[in-house]
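> Hey, can you work out the whole structure from these sequences and the hints?
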Amino acid sequence: MSGRNHMAVSSTPLSTEAAIHFVADDAHGAADMFVGTVRNHNLGKPVKGVSYDVFDELTLQTFNELASEARQKWGDNLNIFIEHYKGRLDIGGISIIIAVSSPHRDESFKACRFIIEEIKHRSPIWKQEHYLDGDSEWVQGHALCSHGPVSYDDEPAHAHCNH
Amino acid sequence: MNDTMTLSIRMFGAFRKYHQGELTLDLPVGSTASTVKSAIAATLQQSNPAFGNSDLIEKSVLADNHRILPDDAKISSAVTLAILPPVCGG
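Chains as they are written, first to last, in the numbering used here: chain A, 1 to 163; chain B, 164 to 253.
Hints in this document: simulated from the structure, not taken from any laboratory.
Which chain A residues face chain B? A few, computed with CB under 10 Å, are given here:
#: 1; residue: D53
#: 2; residue: H121
#: 3; residue: W138
#: 4; residue: A143
#: 5; residue: L144
Listed next, the in silico DSS-like pairs over lysine-lysine satisfying Cα-Cα at most 25 Å (straight line):
#: 6; chain 1: B; residue 1: K180; chain 2: A; residue 2: K120
#: 7; chain 1: A; residue 1: K45; chain 2: B; residue 2: K180
#: 8; chain 1: B; residue 1: K180; chain 2: A; residue 2: K48
#: 9; chain 1: A; residue 1: K73; chain 2: A; residue 2: K110
#: 10; chain 1: A; residue 1: K73; chain 2: A; residue 2: K120
#: 11; chain 1: B; residue 1: K237; chain 2: B; residue 2: K222
#: 12; chain 1: B; residue 1: K200; chain 2: A; residue 2: K120
#: 13; chain 1: A; residue 1: K120; chain 2: A; residue 2: K110
#: 14; chain 1: A; residue 1: K120; chain 2: A; residue 2: K48
#: 15; chain 1: A; residue 1: K86; chain 2: A; residue 2: K48
#: 16; chain 1: A; residue 1: K120; chain 2: A; residue 2: K86
#: 17; chain 1: B; residue 1: K222; chain 2: A; residue 2: K86
#: 18; chain 1: A; residue 1: K45; chain 2: A; residue 2: K86
#: 19; chain 1: A; residue 1: K86; chain 2: B; residue 2: K180
#: 20; chain 1: B; residue 1: K200; chain 2: B; residue 2: K222
#: 21; chain 1: B; residue 1: K222; chain 2: A; residue 2: K120
#: 22; chain 1: A; residue 1: K120; chain 2: A; residue 2: K45
#: 23; chain 1: B; residue 1: K237; chain 2: B; residue 2: K200
#: 24; chain 1: B; residue 1: K180; chain 2: B; residue 2: K200
Here a beta-carbon is modelled for each residue, glycine too, at the ideal position from N, C-alpha and C.
Next up, the structure:
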């Protein structure tokens, strides 16, 4: 039986409790959660907040694609929760929550890591950092590719487009 | 064929620095995604000379609500598209 999906782009605060509650399953002995938060510095500059811009339609589509790919790799029964924040957050604010549950822990850990790394490369989401000195700047990112999924040579840092 | 179509282009990320709201372009029916990107760059550069100093357009892709369009994709009707700069979610 295929697992459950919850995918959303939200402008209300994200909830770790909601994520763990969603993936909880009597048949699963493991749940893994990634929580992304706003850091108080980047590239040596003090940061006071971040605004997230999201192309909702295509982002939700990439979330669904990633859930399908994770199930192909680690089992049809994974329960998967993915929410990304849209709007401005202060330091410590939660920008993303990914939760995955599975019968055993290995699959949850791997699927959770896979999903966050792929989102960083494939989902149309952008960050604008607000600095203590009053400046704001859009963060440089990864160019999107029209040819489909990027792939990794074991290490997520070595992502490349195959096409 | 001189038919033209009106495209609306949604701006995201760093493109918001150069244009507020959607950008409207009149282009020949059947223009490719690559042509649309060039027209976006030309229009933004007119109102923002600084845009020409960036390589933002080369690193960006055009998309509809379902997929990223390859450079040779032909656009044959008036639609809303989006210009997507490099991403950094999470």
